[in-house]
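Kindly produce the complete structure, drawing on both the sequences and the hints.
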Amino acid sequence: MVTYPSDWNRIKLNEVFTPYGGLSGKSKEDFIGGDCKYISYLDVFNNIAILQPNSKVIISNGENQNIVEYGDLLFTQSSETPDEVGMASTYLGHEKVYLNSFCFGAKPIKEINPLFFSYYLRSKYIRDLIIIQGQGSTRYNISPQRLLSIELAVPSYYEQQSIADTLSTFDEHIENLTKLIEKKRAIRDGALKDLVTGKTRLDGFESHWKTSRLETLTKQIITGGTPSTAENKYWGGEIPWLSSTEIHQKRIKNPTSYITEAGLKNSSAKMAPPYSVVVALAGQGKTRGTVAILEREMALNQSLAAIVANESTDFTFLYYALEKGYEALRELSSGDGGRGGLNKKILREFEIIIPSSKTEQQAISSILTAMDDELIKLEHEKEKIQQIKEGAMDDLLTGKIRLVQRRGHNG
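Take 0 as the starting number for the sequence shown in numbering that gives the first Met the number 0 and just add one per residue.
Some hints could be false.
Result set (DSSO-like, lysine-lysine): computed pairs, CA atoms no more than 30 Å apart in a straight line [what the hints assert, rightly or not]:
hint, residue 1, residue 2
1, K323, K252
2, K323, K183
3, K106, K182
4, K106, K123
5, K399, K285
6, K323, K376
Label pairs and their computed distance ranges (CB to CB) [to be verified]:
hint, residue 1, residue 2, range
7, K123, Q219, 45 to 53 Å
8, E348, S311, 13 to 21 Å
9, Y325, N8, 52 to 60 Å
10, R9, I186, 51 to 59 Å
11, I10, A369, 48 to 56 Å
12, I10, L402, 17 to 25 Å
13, S155, E326, 50 to 58 Å
14, E174, S142, 28 to 36 Å
What the hints contain is simulated information worked out from the structure, not anything from laboratory work. All of these numbers come straight from a predicted model, not from anything done at the bench. Beta carbons are placed, not taken as given, at the ideal position from N, Cα and C, and that holds for glycine.
Here it is, written out as structure tokens:
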């Protein structure tokens, strides 16, 4: 239970906003080749604020469609889960735009800061109030009347503005980091493509490159298994055990679970040494064919294989070469369509192009690893800012922390 400051005004949303509907009477064909912009469902669901929607629809002369204006609040009205109904956003653009059919708008009729309300109505405590207003069993809906009947405690206009300014500063930082990460990742992916194929050579290296099967570059390829889950004595020990769910760590330090010595001995699980290149043999979606580096000794389950590089092969170069070969490796999967799987035979016979000089392999690996380290650092910074923002939202949107209002303005 949240106790809001006593000087925050108690209001019902329908005292501040008047609702309107989204597009009506439109057919599937109207969304092909149109030149009028509209705000899509995902625009509302994914954004605190919308500036420039890109979706287009045909609007004929004489159609009586509602137009979204600067500062209007927008809400998702229908969803397959109750948690997704009533998600709020606001339009802060200046173009003439319309709203999709599965959302509704709310036009302010009093002076408010729309960005504050967008943040406020997405805060945990207010979301709880909104979700219980949703109705349905297989598909959930929330009517404008039910949502706007919610009573809230709201700070003064100037405190709203201060809170919105503070939170938007976090979002701007997060957005800038997101763009920087995307730019750095594109550069990294280009370098991966050029460096592990020999398209771009590093200065000082002139050794020839060769096409080699993995079996000629490795000491062994290890596959594993899963101890019986019916035997409690096989689980909860001290041996780290890994499944394909952890493959997206890229540099795997944390196991899926832990097994006992008995579990290891009485199953097909096998220990893989550190610095093995782990390949997902099976898994949903994009998992199959994904590679990672094992940073500690672990037992593997049957959905993974560990490739142990030989003395002439740099394991990190091998990892990057297999990452580059992801699509080619998936195409060799046995089975039908997306349900296929890799196996040891496919891996042994898979070919990569590789420098004959291990020193050149290591030089290439060093460059790509430095790029990945920079991306990891930026991702961690972004996660940290997101966590700080979430804490700030909790404090500012409940009045736990009050901001100094702008001089000359009263609440």
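The hints, checked one at a time:
Among the hinted pairs, K323 with K252 is consistent with the structure: their alpha-carbon atoms are about 22 Å apart, no more than 30 Å. For the proposed pair K323 and K183, the alpha carbon gap of about 17 Å is at most 30 Å, so the pair holds. With a CA separation close to 38 Å, the supplied pair K106 and K182 exceeds the 30 Å bound. Pair hint K106 plus K123 holds up; C-alpha atoms about 23 Å apart against a cutoff of 30 Å.
For the hint pairing K399 with K285, the CA-to-CA distance comes to about 43 Å; that exceeds 30 Å, so the pair is violated. For the hint pairing K323 with K376, the CA-to-CA distance comes to about 22 Å; that is within 30 Å, so the pair holds. Taken as a hint, the range 45 to 53 Å holds for the pair K123 and Q219, whose Cβ atoms sit roughly 50 Å apart. Here the CB-CB span from E348 to S311 is close to 19 Å, well matched to the stated 13 to 21 Å.
Judged by the Cβ atoms, the range 52 to 60 Å given for Y325 and N8 holds: they are separated by roughly 56 Å. Our hint of 51 to 59 Å for R9 and I186 holds, since their Cβ atoms are close to 53 Å apart. The supplied range of 48 to 56 Å is met by I10 and A369, whose beta-carbon atoms lie about 54 Å from each other. For I10 and L402, the Cβ-Cβ distance of about 20 Å falls inside the hinted range of 17 to 25 Å, so the restraint holds.
Against the hinted window of 50 to 58 Å, the Cβ-Cβ separation of S155 and E326 comes to about 57 Å, which satisfies the hint. At roughly 33 Å, the beta carbons of E174 and S142 sit within the given window of 28 to 36 Å.
Of the hints listed earlier, those the structure fails to meet are numbers 3, 5, in rising order.
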